[in-house]
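Q: To convert, take the position in the sequence shown, counting from 1, and add 33; that gives our numbering.
Just so you know, the hints here were simulated from the structure itself, not pulled from any lab data. No incorrect hints appear here.
Derived CB-CB ranges, DEER-like:
{"#": "1", "residue 1": "Ala87", "residue 2": "Ser138", "range": "23 to 31 Å"}
{"#": "2", "residue 1": "Ala54", "residue 2": "Ala137", "range": "36 to 44 Å"}
{"#": "3", "residue 1": "Val118", "residue 2": "Ala54", "range": "40 to 48 Å"}
Note that beta-carbon positions come from the ideal geometry of N, C-alpha and C, so glycine has one too.
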Amino acid sequence: MSESLAPNAASPVRRIPTDRAAPPRPGLALCLSGGGYRAMLFHLGALWRLNELACLPKLARISSVSGGSIAAGVLGHRWSRLMFVDGVATAFQDEVVAATRTLASRT
34 MSESLAPNAA SPVRRIPTDR AAPPRPGLAL CLSGGGYRAM LFHLGALWRL NELACLPKLA
94 RISSVSGGSI AAGVLGHRWS RLMFVDGVAT AFQDEVVAAT RTLASRT
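Model the full structure from these sequences, guided by the hints.
A: Below you can see the structure in the form of structure tokens.
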């Protein structure tokens with residue numbers, strides 16, 4: 034995302050007085066929200082599309098809560114198994130999608 038699209042995106046809403054002043058770390062971040070089972074499946078689809086767009090290897094960090102953390106956790110657990118060709122994880126469906134679906138099928 035360019036600075037012209039979101040000039041204030043790198044600035045926090047407010048600084049906590051006890052926090053030390055530090056510039057934002059460089060790199061692209063992804064935030065995955067909560068919402069339980071539905072969020073897990075939604076974020077799986079979002080990660081799938083980011084992979085198709087060759088964006089996954091550009092991520093410097095992921096922040097997540099609740100259902101988003103399940104999707105992020107599966108991705109993190111399987112990350113070392115992913116081989117990227119031109120920025121696309123060729124085994125994404127086998128490694129991440131299948132693992133998430135298996136997890137989602139358990140109650």
